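**Student:** With the sequences and hints as input, model every part of the structure.
Protein chains in written order, with this note's numbering: chain A, 792 to 1030; chain B, 6 to 113.
Hints should not be assumed to be uniformly reliable.
Unchecked claim - Examples of chain A residues toward chain B, derived with CB under 8 Å: (1) Ala829; (2) Ala869; (3) Leu883.
Just so you know, the hints here were simulated from the structure itself, not pulled from any lab data.
These numbers were taken from a predicted model, which means no experiment stands behind them.
Idealized CB from N, CA, C, for every residue including glycine.
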Amino acid sequence: MAITTPKTAYFRGIVDGSPFILLIIPFATLFGVLATEAGLSVFETLMFSVVVIAGAAQFTALQLLQEEAPTIVVLASALAVNLRMAMYSASLTPYIGSAPLWQRALAAYMTVDQSYVVAIAKFERSPEMTVPQRIGYFFGAVTPIVPLWYGFTVVGAYIGAQVPDSWALDFAIPITFLAMIAPMFRTLAHVVAAFVAVVVSLLVAGVPYSLGIIIAGVIAMMAGARTEKWLAARQRAAS
Amino acid sequence: MIDTTTLWIVIIGLGLGSFFLRFMFTGLVGNRIMPEWLLRHLRYTAVAVLPALVAPQVLWPSATGGTPDPARMAAAAVTLAVGLLTKNVLAAIIAGAATLYGLLYLLG
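**Tutor:** What follows is the structure, encoded as structure tokens:
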């Protein structure tokens, strides 16, 4: 299906975002379960998911609240987990930066790992897309994700039972993200960046508050940019 | 028991803070031109941040208390391989999940 209007872009986004339904349903349910176990009401649990809308940061905050960590520590740790959102925002800016402010604000609220990775993969593959088409596509990609995040938080809050370990839910995130990243290795520079990210993230895995992700991410981005420059210089020398 | 006031401070503070992080560039930079060196780095955001997020969980899963687990490593390898070969996200997820549950059952 060729994308010709923002509307077809929106439907294309829905299709491309829908594999994440498999991830969002169990995770939202799990958050609902854990939050009510921690003593939150159904309303408080739902508001947590609606206001914050960030899986990993919500789990972190909930964990620290239960440990009765100082409020400032809870906030700083959970925001550190979410620091990568600023990197996503920067990465999306060249593509949607000229959209109307309200659209950018709404897109910012809905910038999560899943919507970012679906959208950026599409924007890179299809540079001919117009800004309204990109915005349409982005909102399409979040359509199967965000309502389910709210809805299944509530379902989990009502179920309130423990999710069995045999479901191996911890591994839903690595599997869905690896599946999303695999088609993105378009050049040697992408491969180098990913390789450096893996090596550095393992070396700095002991750094607290998930800051290792940011350290490894920045170093890997530098490695990718360096490789791109080197490849371009070599191509110029050859021609 | 979590104190209600603390909870709401955290929910609202985390919501505002997260929104600020997400809006920082799309909102404040907007359509101003960013320098070429910065754009060159930003092209690698996805292939840098997501592997960094995933790699430690593949090697040292929290579910096993950080002990490397053959089923999880094999599932990660299969997901990546199917993703690279087919470029089909859903096929890669299903292959990875099947590998994980299959091996957890066989090795369990």
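**Student:** Look at each hint and say if it fits the structure.
**Tutor:** Hint by hint, here is what the structure shows:
no.	hint	in the structure
1	Ala829	holds, 6 Å
2	Ala869	holds, 5 Å
3	Leu883	holds, 6 Å
The structure is consistent with each of the numbered hints, conforming to all of them.
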